[in-house]
Amino acid sequence: MSTHSLPTHVSRRRFAGAMAGAAAAPLLTPSLSNAATKCPAKRKRVALITTIVRKFSHGQHFVDRLLEGYGWHGEHHISPLELVSLYVEQFPETDTSRDRSKRHGVKLCPTIAEALTLGTSRLAVDGVLIIGEHGDYPRDAKGQPLYPRFRFFKDVVKTFERTNQSVPVFQDKHFAMDWREAQETYRDAQRLGFPLMAGSSLPVTWRIPAVEVPLGTPLVESVSVGYGHHGYYDIHTIETAQCMSERRAGGEVGVKSVQAFKNDAVWRLLGERESTRRLCLAALNRSQTLAPLPGYTFADPSIEHLKRVSPFAVAYVFEHLDGFRTTIFHFNGTGTAFSRDTAALNDFTYAGLTQRGDVLSTLMFLPMPPTMSTLASFFSPLVNHIEHMVLTGQTSWPIERNYLTTGMTLFAVDSLYADGARLDTPDLRIRYQSMLGPHFWRG
Amino acid sequence: MKPLRQIAFVLEDFALQTPAQQLLDRFLLGYRRDGGFHKVESIKVVAHLPGGANEALARRVAELGLTRAADVAAAARDADAIIVVPRADFPTPAEGNVTTVLAHAKRGASCFVFGAIGSNLAAARTLATLATARQVTLASGTALPVTWRLPQVDLPANAPVDEAIIVVQGASPLAELHALDGLLPVLERRAGGERGMRQVKFLEGRELWRAGDRREWSWPLLSAALSRSDSPQGDTILDGRTQDLVGLGLVPKLATNPRGWLLEHTDGVRTALLVLDGVVADFNFAVRLADGSNLSAQLFRAPVPAQEHYSQLAASLEDFFRTGTPPWPASRSLLTAGLLDACRQAAAQPGVWLRTPELSLR
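Those sequence lines, one after another, are chains A and Y. If you use our numbering, the first sequence corresponds to residues 1 to 443, in order. If you use our numbering, the second sequence corresponds to residues 444 to 805, in order.
In case anyone wonders, no lab produced these hints; they're calculated from the structure. Accuracy of the hints is not assured; some may be wrong.
Here are the computed lysine-lysine pairs in the DSS-like style, where the Cα-Cα straight-line distance is at most 25 Å [said to hold, decoys possible]:
1) A:Lys107 / A:Lys142
2) Y:Lys482 / A:Lys55
3) Y:Lys696 / A:Lys307
4) A:Lys44 / A:Lys142
5) Y:Lys482 / A:Lys102
6) A:Lys44 / A:Lys107
7) A:Lys42 / A:Lys142
8) A:Lys256 / A:Lys307
9) A:Lys107 / A:Lys55
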């Protein structure tokens, strides 16, 4: 037992529980128990469906924020959502879901249906989180991991249909690795009429500087620069751009074509398109991780410098139906295979060009563990938006954004693996209006 | 605007990722500013580093046109601006270096001391007097006052404040310097401004926690500050979990060599500077306003190797050198120097209030 007195604002019950847990497990200091952390009002109940829960898996980030709370707006925020059930597909030696289930009294269910109904004939939860990221899954021929997001989603939908009930659903990252599955995901949500929100942390994390594109801005072009293995990280860079592009005058009207570029073709593209080059460099001027030359700690982000530090580069060019253009760059450094250690940068930046020729740029900052932090705090705003959706039934952004970015991701990878063929994308005639926002982390 | 044709760096060490390297390179190569890469055009950069050959500095001579000066006086003599940088693990440069710079700088020059201007108030005042006599504008500080905050908040101007806390890590006296340079810029915006310090008390170990329990500093305010951290230690290291570090009573368990200084300002505002190694690994502050609301943020130290907060400081310094207007009040620099000394003296008598009438600002 600690010898110091109880902090005055901490309840005796929470503190005593914490100390008891510490004695039982000296290496793992105690967590809040569900009983001890209940909000005064009855909390909404949620189920979480995931591939795997281990340190730094997406499943872990979501599970622990729901169970342990998280720093939010200057306090340790206890979620108004009560995680009552978990479906976990894989249990490696490093699994933490069983520990969390035991300590917090969360039911670990053998099926998705049971996680949603808790063994009854009706839905027993007020919301569902589908976290299909990480775990041991095969890749398809294009290198995309075959995470079972669609299978998870369909099991949720089947349970909705069987019970004739539905609740808000959050889908982590993009809908699926297959376009037909993505289409079915969107149509199911429309057909059954439940709120569906999806996406990654990029649109909602800190921005440095903390700027937003004012709604209705006459943007003509967007560029986003990032890094990462193709099929895994494309969605991050695409969402970085799209959450800004959609705020342009007239809103989003959809994408008519996609074309991928690789290595030398990327440099030719940058040489030929002055505005794209300008925006690429503007975005890189917001990067805080661009590789310097040996003997220095930072660099002037010129094209020549990029060629030196990142001979391996990929770009995706998206032509929108209103003439707007989005270009995504991944500068993966000197390694033939992606590695965070050899990537030319480790962050995601954006630059947008207005009709007047002004440039707006920012860094979507991810304090990424273990190099920059111990905690992937960028999941906190995402969880907060999920809480809002489950509590109100209102999504923070239109699901059409995620429908479009899913398609942009999948067709971009198709083009990359078709040696840069330009692909017409009639399926991506997806029109929507952005919501007022801002939705990124500011408080 | 004043001409900025020559800048001198008076250095005590030079290696990658030291403040010396980060600042020098930004005036040699340029730096990120306002969404672009800003190059300080047509400027001669001179540096003095004692001792023998330094490979990194020699490379900058060969590749970037850096000029090495034979001694401090030679470096300072023709410069429009001078930046004096101590060793990376020291809070202040050698006093003699600053004195020599001020004695040889041309009239109208600007001088920035990275860190604290001196190791105590008397030394700082002596240097400030010399600077005034020589018509050199003098300022000091680190990148903490100008780095980004997460979130990007500031104390509303003239807001009445009750108390404040900042959490830092590291060895003394750098930890105290970081705490002061992180928090004083926030607090000086309060109603009445900064009027100095009445007394200082040092606490360590269990006494630090007991002082919190006695409300000499605020556990809730510590919780607010730690809620801004991206680097909780303990179980987060083991399995990635989020933790309510204060609510679960983990702070005393995680802290190694916990220590802190309680400052009572002359206007009654109470400040706690807590050095909590082992609890978090970033700098976070919280302020309670008189209306009961809290303001809190992380002082963002950007990732290595670029440490882009030095670009923020370079921008402030270039503006200082071009306008002759220091980036912040000279009284902050004097107060910081005086408080560093007061913190050192207070640490010699833990638990005893050290009266500091000399740190009252009028």
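*Is it true that the CA of lysine 696 (chain Y) sits at most 25 Å from the CA of lysine 307 (chain A)?*
Distance ~49 Å between lysine 696 (chain Y) and lysine 307 (chain A) Cα, so the pair is violated.
_For a C-alpha distance cap of 25 Å, please report whether lysine 482 (chain Y) and lysine 55 (chain A) respect it._
violated (43 Å)
_Hinted pair, alpha-carbon criterion (25 Å max): lysine 44 (chain A), lysine 107 (chain A). Please report holds or violated._
Judged against 25 Å, a Cα distance of about 16 Å means the pair holds.
*asked:* Check whether the Cα positions of lysine 44 (chain A) and lysine 142 (chain A) lie no farther apart than 25 Å.
replied: violated (40 Å)
*Straight-line alpha-carbon gap lysine 107 (chain A) to lysine 142 (chain A), limit 25 Å*: The hint is violated at about 37 Å.
*Are the Cα positions of lysine 42 (chain A) and lysine 142 (chain A) separated by 25 Å at most?*
It is violated: about 47 Å lies between the C-alpha atoms, which goes past 25 Å.
_Pair hint outcome, lysine 482 (chain Y) versus lysine 102 (chain A) [Cα-Cα no greater than 25 Å]_ = Distance ~58 Å between lysine 482 (chain Y) and lysine 102 (chain A) Cα, so the pair is violated.
*Would the pair lysine 107 (chain A) and lysine 55 (chain A) pass a check requiring their Cα atoms to be no farther apart than 25 Å?*
holds (20 Å)
*Would you mind confirming whether the straight-line C-alpha gap from lysine 256 (chain A) to lysine 307 (chain A) stays at or under 25 Å?*
violated (30 Å)
Hint violations for this structure: numbers 1, 2, 3, 4, 5, 7 and 8, all remaining hints satisfied.
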